[in-house]
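Q: Okay, here's what each chain looks like letter by letter:
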Amino acid sequence: MGLQEYQVLGRHLPTAQEPNPKLYRMRIFAKNEVVAKSRFWYFLRQLKKVKKANGEIVGVNVIHEKRPLRPKNFGIWLRYDSRSGTHNMYKEYRELTRADAVRSMYQDMAARHRARFRSVHILRVVEIEKAADVRRPYIKQLLTPGLRFPLPHRVAKAKSTFVAHRPSTF
Amino acid sequence: MSKSPSTFTRFVEVGRVVLLKSGPCEGKVAVIVEIIDHRRAVIDGPTTGVPRQSFPYRHLTLTPFSVKTLPRGSRTGIVRKYVEKEGVIEKWNKSAWAQKLETTHRRRNINDFGRFSVQLMKKNRRDRVRRALAKQAKA
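So the sequences go chain by chain: A and B. Numbered according to the working numbering, the first sequence terminates at residue 170, and the numbering increases by one at each position without gaps. Numbered according to the working numbering, the second sequence terminates at residue 309, and the numbering increases by one at each position without gaps.
One chain only, chain B, in its complex shape (with noise of 0.2 Å):
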């Protein structure tokens, strides 16, 4: 739409994957698949378990990612197919992004056992520091 480059690279589009923020399917990937207005866009997440619905952008951030060639308004079959064909979901998981937001979640939701065994390798760990600085330090 603009003529010269544009100094923003993320755009509300036909094929944008686009990450909830809120709601029931918070933290969940999903593309949009029609624009309503400059408030919501109706998104569909077939492969991620996101129901077909108008969602606002308030609650939505923008990923790099986008299925390139999905036709607008597609229905959720034709979505699928073109997500599965591009692998952008695939893209996603393997992103930095994607990767810190499930160690950030894995760490939230950890329960008592798992508490307790990170205890017990982060305290192993800095001993065998600490025994490999003190022998440098000897010699």
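Extracted from the complex, chain A is given alone in its bound form (with noise of 0.2 Å):
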């Protein structure tokens, strides 16, 4: 399930009182526009006093990635419920684009946590430009300069039940 990043505006419907109402725009990771827009509202009702009867979407745009063949260190910050309580957590991804490291953090809440998609808020997400900037070890491992390794041990799916020969691991 690819994720994408919307940038979705909207706000209040003009009212006599008030006849230009603020505009607010979020940055929304979803699979579509239609769960981008609910979420949307989803969010800002929680911070605002509008909801999406007496509110209107101005606009949902896609925001595509700048460079999406460089790989990337990426820090997120959410916040989940879990069955007891909700805690805030960080949490560190390399990927290539920003939509590519929420959809590994989704999985990865998912596997080790249980939460799913409609429990865990994303507060930020945030491009580690530096790598002294990196918190944890899985991620700075994999930017020690010269990094190399070999494939060790790699097994092949047996095509038949019995074979001639011993399988290369090679």
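Simulated from the structure, these hints should not be mistaken for lab results. Beta carbons are placed, not taken as given, at the ideal position from N, Cα and C, and that holds for glycine. Keep in mind that a hint or two might mislead.
Claimed, not checked - Using C-beta positions, here's what the derived DEER-type ranges look like:
(1) 191/B - 82/A: 37 to 47 Å
(2) 53/A - 243/B: 48 to 58 Å
(3) 144/A - 283/B: 50 to 60 Å
(4) 217/B - 51/A: 52 to 62 Å
(5) 158/A - 176/B: 49 to 59 Å
(6) 156/A - 222/B: 20 to 30 Å
(7) 143/A - 219/B: 28 to 38 Å
(8) 196/B - 82/A: 38 to 48 Å
(9) 108/A - 284/B: 44 to 54 Å
(10) 208/B - 167/A: 30 to 40 Å
(11) 247/B - 31/A: 27 to 37 Å
(12) 53/A - 208/B: 44 to 54 Å
(13) 274/B - 84/A: 33 to 43 Å
Unchecked claim - Covered, in the sense of this in silico footprint (three residues per stretch, anywhere, with C-beta under 8 Å from a C-beta of chain A), are these stretches of chain B:
(14) 194-201
(15) 223-230
Got two chains here, each in a separate frame; can you build the complex from them with the hints?
A: Following this line, the structure appears as structure tokens:
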């Protein structure tokens, strides 16, 4: 399930009291536009006194990755609901795009904490420019200069149950 | 990275020439430009027709060739320059491995006329060998 980053703009409908309401902009990671708009209202409702019924979406645009072929280190601040409370977290991912990093994060949270999409709020996604600012060792180890490693013991899928020779793991 | 001589000779590293095992560029050769993580690398094959992309190690085979001086994360034009300067792709094409792949590919994708010609040629060779053997036996 690939995620896209959307820029969603919306505001309260103009009324007699407020003929020019404030316009709000959010960057939402979602599967498609429909989910993006829905999440926009979900978050905006929590922050401002506006809901879909008395508001309007002014624009939805896809935010494309500037350099999709360059691997980047992303730090993601998130907030998630566990079974007994809600917690903040900071996780790091090494990916090609922001959307990929967020997708990895959702998969990771589901695997490690059984947290579903609905329980996770993304607070901040930041590209870590300098390798020295990376906090997690599992990302730091990939940033050592002159990194190289072999692929030891490669197990190939056996094409049939009985073969004449032992497979090579090379 | 290892201080003692490693038992491994083929490493995932910037500049390593890799053979693609699956996807639209199957059977083509490319160069590792940057390591993303323990699962994927950015590969590029400007001279072999492989577009620059992220590729998992599962679908790669490491070859004994590498472009030793390639800088990490080089853009496609720079990769092309270094590949042409070191001539790795020519070295790969001359290797026994590459030639075996080529003959297997040619044999698999032969057309009906080709198969017929091969049959005739084999028959011809068989015939000459047997005649020569028979002559030897008589002598």
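Q: Now, for every hint given, state plainly whether the structure supports it.
A: Structure-based check of all given hints:
1. 191/B - 82/A: 37 to 47 Å: This hint holds: roughly 41 Å between Cβ atoms.
2. 53/A - 243/B: 48 to 58 Å: Given a distance of about 49 Å, which is inside 48 to 58 Å, the answer is holds.
3. 144/A - 283/B: 50 to 60 Å: Roughly 56 Å apart at Cβ, these two residues keep to the hinted range, so it holds.
4. 217/B - 51/A: 52 to 62 Å: Since the Cβ atoms of residue 217/B and residue 51/A sit about 58 Å apart, the hinted range of 52 to 62 Å holds.
5. 158/A - 176/B: 49 to 59 Å: For residue 158/A and residue 176/B the Cβ distance comes to about 28 Å; the hint is violated.
6. 156/A - 222/B: 20 to 30 Å: 27 Å, holds
7. 143/A - 219/B: 28 to 38 Å: 31 Å, holds
8. 196/B - 82/A: 38 to 48 Å: Given about 44 Å between the Cβ atoms, the range holds.
9. 108/A - 284/B: 44 to 54 Å: 53 Å, holds
10. 208/B - 167/A: 30 to 40 Å: Roughly 22 Å apart at Cβ, these two residues miss the hinted range, so it is violated.
11. 247/B - 31/A: 27 to 37 Å: 36 Å, holds
12. 53/A - 208/B: 44 to 54 Å: About 48 Å separates the Cβ atoms of residue 53/A and residue 208/B, which means 44 to 54 Å holds.
13. 274/B - 84/A: 33 to 43 Å: About 60 Å separates the Cβ atoms of residue 274/B and residue 84/A, which means 33 to 43 Å is violated.
14. 194-201: violated (count 0)
15. 223-230: holds (count 3)
Of the numbered hints listed earlier, those contradicted by the structure are 5, 10, 13, 14.
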